[in-house]
Structures are given as structure tokens and as C-alpha cells.
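If you read the protein sequences in the order shown, they are chains A and B. Using the numbering used here, the first residue of the first sequence is number 174, and each one after it goes up by one. Using the numbering used here, the first residue of the second sequence is number 2, and each one after it goes up by one.
These aren't lab readings, by the way, just hints derived from the structure by calculation. Built from N, CA and C at the ideal position, the CB exists for glycine as well. Take these hints with a grain of salt, some might be off.
To be verified - Now the in silico label distances, taken between C-beta atoms and shown as ranges:
| hint | chain 1 | residue 1 | chain 2 | residue 2 | range |
| --- | --- | --- | --- | --- | --- |
| 1 | A | D240 | B | R16 | 40 to 50 Å |
| 2 | A | N197 | B | T45 | 16 to 26 Å |
| 3 | A | Q245 | B | S60 | 19 to 29 Å |
| 4 | A | T288 | B | G99 | 13 to 23 Å |
| 5 | B | Q23 | A | Q245 | 23 to 33 Å |
| 6 | B | S2 | A | P289 | 43 to 53 Å |
Stated by the list, open to error - Computed cross-link-like contacts, SDA-like style, restricted to lysine to any residue with a CA-CA straight-line distance of at most 20 Å:
| hint | chain 1 | residue 1 | chain 2 | residue 2 |
| --- | --- | --- | --- | --- |
| 7 | A | K276 | B | S54 |
| 8 | A | K276 | A | N191 |
| 9 | A | K276 | B | R11 |
| 10 | A | K276 | A | Y235 |
| 11 | A | K244 | A | S268 |
| 12 | B | K8 | A | R215 |
| 13 | A | K276 | B | N51 |
| 14 | A | K230 | A | K244 |
| 15 | A | K276 | B | S19 |
| 16 | B | K8 | A | D212 |
| 17 | A | K244 | A | V286 |
| 18 | A | K244 | B | G99 |
| 19 | A | K244 | A | F225 |
| 20 | A | K276 | B | V30 |
| 21 | A | K276 | B | K8 |
| 22 | A | K276 | A | F203 |
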Amino acid sequence: KNQVEQSPQSLIILEGKNCTLQCNYTVSPFSNLRWYKQDTGRGPVSLTIMTFSENTKSNGRYTATLDADTKQSSLHITASQLSDSASYICVVSASGPTDSWGKLQFGAGTQVVVTP
Amino acid sequence: SAVISQKPSRDICQRGTSLTIQCQVDSQVTMMFWYRQQPGQSLTLIATANQGSEATYESGFVIDKFPISRPNLTFSTLTVSNMSPEDSSIYLCSVRSGGGMVYEQYFGPGTRLTVT
Chain A
174 KNQVEQSPQS LIILEGKNCT LQCNYTVSPF SNLRWYKQDT GRGPVSLTIM
224 TFSENTKSNG RYTATLDADT KQSSLHITAS QLSDSASYIC VVSASGPTDS
274 WGKLQFGAGT QVVVTP
Chain B
2 SAVISQKPSR DICQRGTSLT IQCQVDSQVT MMFWYRQQPG QSLTLIATAN
52 QGSEATYESG FVIDKFPISR PNLTFSTLTV SNMSPEDSSI YLCSVRSGGG
102 MVYEQYFGPG TRLTVT
């Protein structure tokens, strides 16, 4: 079973609107959580990285939140643009000492389509 | 930051043949990774390639099928051997930059492989 679950699987939004993507994880012990943006035909690009002590981090119109108690994160996109059409991937890393130390656990991604 | 290039960007190969994918980084890095991304699925780590040592393979991946070279701190190759249609996927090179647990991890643009 994947230790990082994302929802929704896909969504379509109108240009200019806001949207929120969800990420639930079971990775333990927790080290950090990342959100990546992957455009079609490109590699993932980092948007935010949050550690246990951080509960919100912004990168332009992208704002990520983290609740380490409930093991949930969200990515909020404000005033969406056509260029925001991409897959958004939640990635969680475990701390040591475990077999998963430093390894990134990837969600399957949420495919966002922004329409004019 | 690290800029990663991969060759080829895509290829269509016949079953039973092999393909070598090249990964070039614009800076010296210790840790390089090879991932596979099948359609609609999470990224899966194939192996970790550190310069000067044998690659470390994840469960389900073996050296005979995915031999890796790491001749220096800026270059690596992944070979997909004796290909079958199940090997059709995107293969991504990735590098890690920075220390501690809050490191940056960068991804190449990927190589889209189709096996017929």
C-alpha cells in the first residue's frame, strides 16, 4: 500500500479560480514533506519543502500546509493560470534510523487542468 | 541548484533489445538516483548510484536488468536490458544537493521509452 495518498486524482478548474489539493501520508517517523510540480514531458520541480516544525509555506501563488499530527498536507493554488496545468506530486521523507531513511515516498499525483 | 539533462528524450525500441540512457549534471554531486514513472503512477526508485561504489538497487530491480554506471561526479548511465513491453515507462535521473534531512532533490526531464 502506498504510504502517500493524494486526492483528488484529477480536477479541472477555470482560470482565475482557486483550488486545493490534498495529501495524506503514513510515513513514519516523519522528516519532511515536499510538493513538486510536473509539467507534461518534464521532470518534477520542487515547489515547497516543510519539516515537522513548519505548518505553512508559500511559493508565489502556491501555499502548502502541513498538519503533522493528522499526517495531512494540502497545496492551495491561488488565482490559477493556464501554466498551472500540471501534475502535482506530494513526496514524504522518513527520518532515521529506518530502512526508509532519506528515501522519498511519492504520491501518484493530482492532475490539474486549468481551462480558459 | 542543479540542471540535469538526459539523452535520449524518448525512444521506441523492439523487445529483446537494450537501451542506454545518459544523465549529465551541471555540477558535481555525490548522490544520483534513477527512477521509473509508469503512466498514472508514482515515481519508483530503481537504484542509487554513488560515484566510486556499486549501485544500490531497490527491491524488484536487479543489476542484470538495469546495469548502472557512475564514472564521475557529473555523469551516469542506466541501461534497460532485454526489454519487454512492460518496460515502457518514463525513466528519470535525479540528484540530491545539500546536507541534512532538508536537502533539495532535482530531477531530469526524463526519457520516455516505448517497447514494441
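Comparing the hints with the structure gives:
Between A:D240 and B:R16 the Cβ separation comes to about 47 Å, which falls inside the hinted range of 40 to 50 Å. As the Cβ distance of A:N197 to B:T45 is approximately 20 Å, the hint placing it in 16 to 26 Å holds. Checked against the hint of 19 to 29 Å, the pair A:Q245 and B:S60 passes, with Cβ atoms roughly 28 Å apart. For A:T288 and B:G99, the hinted distance range of 13 to 23 Å is not satisfied, since their beta carbons lie about 38 Å from each other.
In this structure the supplied range 23 to 33 Å is violated for B:Q23 paired with A:Q245, their Cβ-Cβ distance being about 39 Å. A hinted range of 43 to 53 Å for the beta carbons of B:S2 and A:P289 is inconsistent with their spacing of about 32 Å. With a C-alpha separation of about 19 Å, the suggested pair A:K276 and B:S54 falls inside the 20 Å cut-off, and the hint holds. The straight-line distance between the Cα atoms of A:K276 and A:N191 is roughly 32 Å, outside the 20 Å bound, and the hint therefore fails.
With a CA separation close to 27 Å, the supplied pair A:K276 and B:R11 exceeds the 20 Å bound. For a cut-off of 20 Å, the pair hint linking A:K276 to A:Y235 is broken: about 25 Å separates their Cα positions. A hinted pair counts as satisfied when its Cα atoms are at most 20 Å apart, and A:K244 with A:S268 qualifies at roughly 15 Å. Distance check on the hinted pair: B:K8 and A:R215 sit about 13 Å apart at the alpha-carbon level, within 20 Å; holds.
The hinted pair formed by A:K276 and B:N51 meets the criterion: a straight-line CA distance of about 15 Å does not exceed 20 Å. Distance hint between A:K230 and A:K244 is fulfilled; the C-alpha atoms sit about 16 Å from each other, no more than 20 Å. With a C-alpha separation of about 28 Å, the suggested pairing of A:K276 with B:S19 is violated against the 20 Å cut-off. Distance restraint check for B:K8 and A:D212: the Cα-Cα separation of roughly 18 Å lies within the 20 Å cut-off, and the hinted pair is therefore satisfied.
A threshold of 20 Å between alpha carbons decides the hint, and for A:K244 with A:V286 the separation of about 26 Å lies outside it, so the pair is violated. For the proposed pair A:K244 and B:G99, the alpha carbon gap of about 25 Å is over 20 Å, so the pair is violated. For the suggested pair A:K244 and A:F225, the alpha carbons sit about 10 Å apart, so the restraint of at most 20 Å is met. Under the criterion of a C-alpha separation no larger than 20 Å, the hint pairing A:K276 with B:V30 is consistent with the structure, at around 17 Å.
Using a Cα cut-off of 20 Å, the hinted pair A:K276 and B:K8 is violated, with the two alpha carbons roughly 25 Å apart. Distance restraint check for A:K276 and A:F203: the Cα-Cα separation of roughly 11 Å lies within the 20 Å cut-off, and the hinted pair is therefore satisfied.
Checked against the numbered hints given earlier, this structure breaks hints 4, 5, 6, 8, 9, 10, 15, 17, 18, 21; the rest are met.
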